[in-house]
Amino acid sequence: MGETPLIDGHNDLPWQIRGLFNNELNTVDLHTLNNTHTNIAKIKEGRLAAQFWVAYAPCDSQYKDAVRYTLEQIDVIHRMCQKYPEDLMFAASSGDILKAFNQKKIASLIGVEGGHSIDSSLGTLRLMYQLGVRYLTLTHSCNTPWADNWLVDEGSHPAENNGLSKFGEQVIKEMNRIGMMIDLSHVSEKVMNQVLELSAAPVIFSHSSAYALCKHKRNVPDYLLQKVAHKKGIVMVNFYNNYITCSKNTTLLDVADHFDHIKKVAGYQIIGFGGDYDGVNRVPQGLEDVSKYPDLVTELLRRNWTDLEIMAALGENLLRVFKEVERVSH
Amino acid sequence: MRIIYDNQLSKVDLRKIPQTATDISRMQAGHIGAQVFSAYVMCTAQEKDAVRLTLEQVDLILRMCNEYEELELVTTAAGMRNTKKIACLISIEGGHSIDSSLPTLRMFYQLGVRSLALTHTCNTPWAESSSKIYPFYKRGNNSLTDFGKEVVLEMNRLGMLIDLSHSSKGTAWAVLNVSRAPVIFSHSSADAVCPHIRNVPDDLLLRMKETRGLIMVNLYSDFVACGQKGNISIVADHFDHIKKVAGAESIGIGGDYDGASGFPDGLEDVSKYPALIQELLSRGWSENELAGVLRNNFLRVFEEVEQVSSGGRSAGQSQTNTH
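In the order they appear, the protein sequences are chains P and A.
Start counting the first sequence at 1; every next residue gets the next number (this note's numbering).
Start counting the second sequence at 1; every next residue gets the next number (this note's numbering).
Incorrect hints may have been included.
Below, computed lysine to any residue pairings styled on SDA-like, alpha-carbon distance capped at 20 Å [claimed, not checked]:
#, chain 1, residue 1, chain 2, residue 2
1, A, Lys48, P, Ser61
2, A, Lys229, A, Thr20
3, A, Lys243, A, Arg180
4, A, Lys243, A, Ser271
5, P, Lys64, A, Lys48
6, A, Lys132, A, Gly170
7, A, Lys149, P, Glu24
8, A, Lys48, P, Cys59
9, A, Lys229, A, Val193
10, A, Lys48, P, Lys190
11, A, Lys84, A, Tyr68
12, A, Lys11, P, Ser121
13, P, Lys173, A, Gly170
Because the hints were derived from the structure by calculation, they are not lab data.
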């Protein structure tokens, strides 16, 4: 972990900061904050080198103030970096991640979680890119006018777009053109298939795990893991108990099983870490907070993962995807 | 661009646009060195999708200025001084575009917006418009609320120009008492020459002079000729009057082309500015005074706004999230 940056795909601390502190960073010390999974001291203990912080607006703000809400979350991430310049470095490229790593700072990137945040507006998508956003999760747990979410597969939401609408296809093309990573966590299976077909750049799952081990519609079935491998994308494993063991009782060993399974089915080149810390209320024993990543790495080493495979999972895979997305945009 | 082409630049050649008063060839003929383009959304979008619509207008301006080699986006006074092209600046025309959200204001600044008109023709929850078309957010005795003051101070801290065109007199006076940096009227003329709610009365002109602000004269017939079509001469009367009351250093030009229809004879479009300058020369304005009107006064104000923002960094940033 000293040689390769650990890059985590999905952390909802900004959502906690809004709920607990109304985004008033003056009222909290991020070094020592103690009622969240994440604080700066724990990040350092956990050897976390780069984090995609999530700018999330709730689904019930769709068609209301989702855009403004999302801008506020993007703003709080920028202010976090401005307030803690010794520890956090804002990053918007694969190069920035490495630069921060060399300076021993935590590269801080932004992912927007939910297509409803762009209000069906490509201009808004472009400007969010300009504000530093580098991935967009196409849906949260609600359909947009142009993409269906995973609850359609569970049967509780109607299929409104049969996957992606025509406009949804335009969104994909525009994301490829500007260099915004496409995140398929939370989308329906049809959308996963269509995007993996359509996208000219590799795609990501910022926080999803293996369906074969826990049959939850937020997870990725084996055949899709193979499609991701074919497109050279990445699946960043979510630690949430409900997605790891499909039950409340989960340990670090169960999470390692997901890593093993994905490696077996689709190869080590598509694996990453997407803990979903501070976005969920139940995390595994042994992975209680962001200081615990090294214990998971130790377990993988114990399971005979090679250094090459570990470095790939830690950060090389994400960097590869990010660089290719950047290349496709130019 | 939005109304005619739905923001689709592929459908239009910005060098020659048939339906507008502005295009690049006429800007060049008019010797425009810098243009503040307005990202405007209608008042009826307030509390609905004003933020998203404004983002789309900002996106349009960014694309326009990127796609044409004659144009260059600038976001600093230095950038404006140094460019060899027509400088593009972005302003937002109406506080309703920020949806009472300081983070949204900050993100617009990050996107390159350098000026915000506090209101358009409608009140916001925190500031009052000179126009009474819309019934919402009627103000009692507080033309600028406490939150409105926060907005002004945050704009000072960021280095965003405060534009009082369209604001009520009450709001204008309140802002002039709070702002730590000079402010502008981006497109308003002299009330004494043509009484109109959009124009600036003499007492306010004096206060603007005191605070080293800028009145950028609007050329629209309704505001300069009070209902008549008008001509260059009546427009020049506005310049003369403001010079007399507030000094030539307080004056700039804010045409309002393509924001209004109906301009005086001789000033039909953006190629006609030289005729106005010619008239002022013939009225005895010095070259120095005219250089001020043309650009130096604006640059001075812009630089002072930048200085206030970097000087105030130690004062700490507003943590207020939303009203």
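Worksheet item: Do the alpha carbons of Lys132 of chain A and Gly170 of chain A lie within 20 Å of each other, as the hint requires?
Response: holds, 14 Å
Worksheet item: Hey, Lys243 of chain A versus Ser271 of chain A, does the alpha-carbon distance stay inside 20 Å?
Response: Violated. Lys243 of chain A to Ser271 of chain A sits at ~24 Å, over the 20 Å cutoff.
Worksheet entry | Holds or violated: Lys64 of chain P to Lys48 of chain A, with C-alpha atoms at most 20 Å apart | Holds: Lys64 of chain P and Lys48 of chain A sit about 7 Å apart, inside 20 Å.
Discussion item. Hint check: Lys229 of chain A vs Thr20 of chain A, CA-CA at most 20 Å. Holds or violated?
Written reply: With a Cα-Cα distance of about 19 Å, the restraint between Lys229 of chain A and Thr20 of chain A holds, given a limit of 20 Å.
Fill in: Agreement of Lys84 of chain A and Tyr68 of chain A with the hint, judged by alpha carbon distance not exceeding 20 Å
holds, 13 Å
Discussion item. Hint check: Lys48 of chain A vs Cys59 of chain P, CA-CA at most 20 Å. Holds or violated?
Written reply: holds, 16 Å
Discussion item. Need the status of pair Lys48 of chain A, Ser61 of chain P: alpha-carbon distance at most 20 Å?
Written reply: holds, 12 Å
Discussion item. Just to be careful, I want the Cα atoms of Lys48 of chain A and Lys190 of chain P compared with a cutoff of 20 Å; is the pair within it?
Written reply: violated, 32 Å
Worksheet item: Does the structure keep Lys173 of chain P and Gly170 of chain A at a Cα separation of 20 Å or less?
Response: violated, 49 Å
Discussion item. Would the hint linking Lys243 of chain A and Arg180 of chain A be met if the CA-CA limit is 20 Å?
Written reply: violated, 24 Å
Fill in: Lys149 of chain A paired with Glu24 of chain P [C-alpha distance capped at 20 Å]
Roughly 19 Å separates the two Cα atoms, so the pair holds.
Worksheet item: Keeping to a limit of 20 Å between CA atoms, is the pair of Lys11 of chain A and Ser121 of chain P held or broken?
Response: Since the Cα atoms of Lys11 of chain A and Ser121 of chain P sit roughly 19 Å apart, the hinted pair holds (cutoff 20 Å).
Going through the hint list in order, the structure does not satisfy hints 3, 4, 10, 13.
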